[in-house]
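In case you want the letters, here they are:
Number of protein chains: 2
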Amino acid sequence: MPRGTPPLLFTMHLFYIPRVNANSLVLPEEESRHCVRVLRLAAGDTLSLVDGRGGWYRCRVTRADAKQCEVTCIEKIEGHGRREFSIHVAIAPTKNIERLEWCLEKCTEIGIDEITPLLCDRSERKVIHPERLEKILVAAMKQSLKAYLPVLHPLTACREFLRDHRDTLKCIAHCDAGERYSLHQRYIPGTNITLLVGPEGDFSPDEIRLALANGFLPVTLGESRLRTETAGIVACHTVHLLNALGS
Amino acid sequence: MPRGTPPLLFTMHLFYIPRVNANSLVLPEEESRHCVRVLRLAAGDTLSLVDGRGGWYRCRVTRADAKQCEVTCIEKIEGHGRREFSIHVAIAPTKNIERLEWCLEKCTEIGIDEITPLLCDRSERKVIHPERLEKILVAAMKQSLKAYLPVLHPLTACREFLRDHRDTLKCIAHCDAGERYSLHQRYIPGTNITLLVGPEGDFSPDEIRLALANGFLPVTLGESRLRTETAGIVACHTVHLLNALGS
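As they're listed, the protein sequences go chains P and L.
For the first sequence, our numbering begins at 1 and goes up steadily by one.
For the second sequence, our numbering begins at 1 and goes up steadily by one.
Wrong hints could be hidden among the right ones.
For chains that are exact copies, the list does not tell them apart, and a pair is met inside one copy or across any two.
To be verified - The calculated BS3-like cross-link candidates involving lysine-lysine, where the alpha carbons are at most 25 Å apart (straight line), are:
1) K142 - K95
2) K76 - K126
3) K95 - K135
4) K126 - K142
5) K126 - K67
6) K67 - K95
7) K67 - K142
8) K95 - K76
By construction, these hints were calculated from the structure, which means they are not laboratory data.
Small disclaimer: the values here were computed from a predicted structure and weren't measured.
Turn these sequences into a full structure, and let the hints guide you.
In structure tokens:
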């Protein structure tokens, strides 16, 4: 048995309601069941819910019904955990999809804004199930007590993504030869970044050429040869740490 | 089909032989089979092997036997990839052991020297299978082309580990209240570090007290509530990045 009382942070359960339109609302059936049957909350108890777009609501249970639990908002915080920078990782889904799932979970915990699964020349995996990935993002958001749900874009052809200009710092982490700087030498704290991570067999020379022609800067993520999913996590954390150091 | 030829880095297969005593050696059966049947190497072809203690050997196949493949060393590099700092992560195995396995794989890819599984007051998992974890470390070392195999220590009671003084910077990443600095504020590039990561329910107040009494500095790993296995990876990468920035 655990000794002592774990801190609040560990016991807190977060509910996710994408649209909070009124002061009073009814939790969906699964969340109602969790609230009443698992957490055993009763009328008068408080809970927290997030809308995935920065809204954090403190609520009070008004009707502890295991199918239709009713709550009333008593406090709203907007932009909870908003950052000065945004991270968009465009990454080729791994052959073993669990590796990508793991990457998305970890990036969500660390903090990421947008994810685009990329279809590359050397992609072995050409199909993903967005609903499953979406569920992982929601679970990781709740678990890490965040109010923002990362945006999961549809699977996009790498060439198409490259042509789609964005107003951010653009980097491509490839393993091909050629002059490259470390991500930490390229990134300036406070800036938004879009970073590309290739499949197990790397980006093709064509894709790398097209990326450079479209203003993507080639970067390395350190001394080690990292797997695709590790590269995604390391890139995400590098940007966070550089912002923490720079602020 | 992939276009073009992937760079050497992607096609390279590394063999692991813990003891390289002579100039000529016979690969173990599984490695022999991989060499001859899977990679289809023939007499005269070259391959690389590592000893897990920094030795990197370029070898030439002298007898392509699928059961007893014989090779001769033609070049030896000692201390391949040696670093100016060492990282020891002592971490409570997760309830779901796959999470710890992922953590060890990722830390090995990023670069770690020692790992101690910790038995804590609030550990839900009290048993591990070191042989399985060892296999994961070997695979990750080979995959990330490293010559050093991280040392996996036996499962150790947290209290015992805390009393065992070590000549490194010592940090404990806990989630309890109290004044703490970020790991990046505590760490000085070039120093060796021992960092403790607790179980899902965190370290107990007793363990935290004992850690502080034994010279461990309380640290945070950023703004987010991270899972145990994410904390291990983030800590490991933070130390690497701070060294890269500081050098």
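Against the structure, the hints:
With identical chains, the CA atoms of K142 and K95 are at most 25 Å apart between copies only, with a shortest distance of 19 Å across copies and 27 Å within one. For the identical chains of this complex, K76 and K126 are neighbours neither inside a copy (42 Å) nor across copies (41 Å), given an alpha-carbon limit of 25 Å. For the homomeric pair K95 and K135, the shortest alpha-carbon distances inside one copy (20 Å) and between copies (21 Å) are both at most 25 Å. Within a single copy, K126 and K142 get their C-alpha atoms no closer than 29 Å, and across copies no closer than 27 Å, so neither meets the 25 Å cut-off.
Taking the shortest alpha-carbon separations for K126 and K67, neither the intra-copy value of 39 Å nor the inter-copy value of 37 Å comes in at or below 25 Å. In the homo-oligomer, the alpha carbons of K67 and K95 never lie at most 25 Å apart, since the shortest distance is 40 Å inside one protomer and 30 Å across protomers. Taking the shortest alpha-carbon separations for K67 and K142, only the intra-copy value of 21 Å comes in at or below 25 Å, while the best inter-copy value is 52 Å. Proximity of K95 to K76 under the C-alpha cut-off of 25 Å is found in neither arrangement, the shortest distances being 42 Å within a copy and 34 Å between copies.
Comparing the model with each earlier hint shows violations of hints 2, 4, 5, 6, 8; every other hint is respected.
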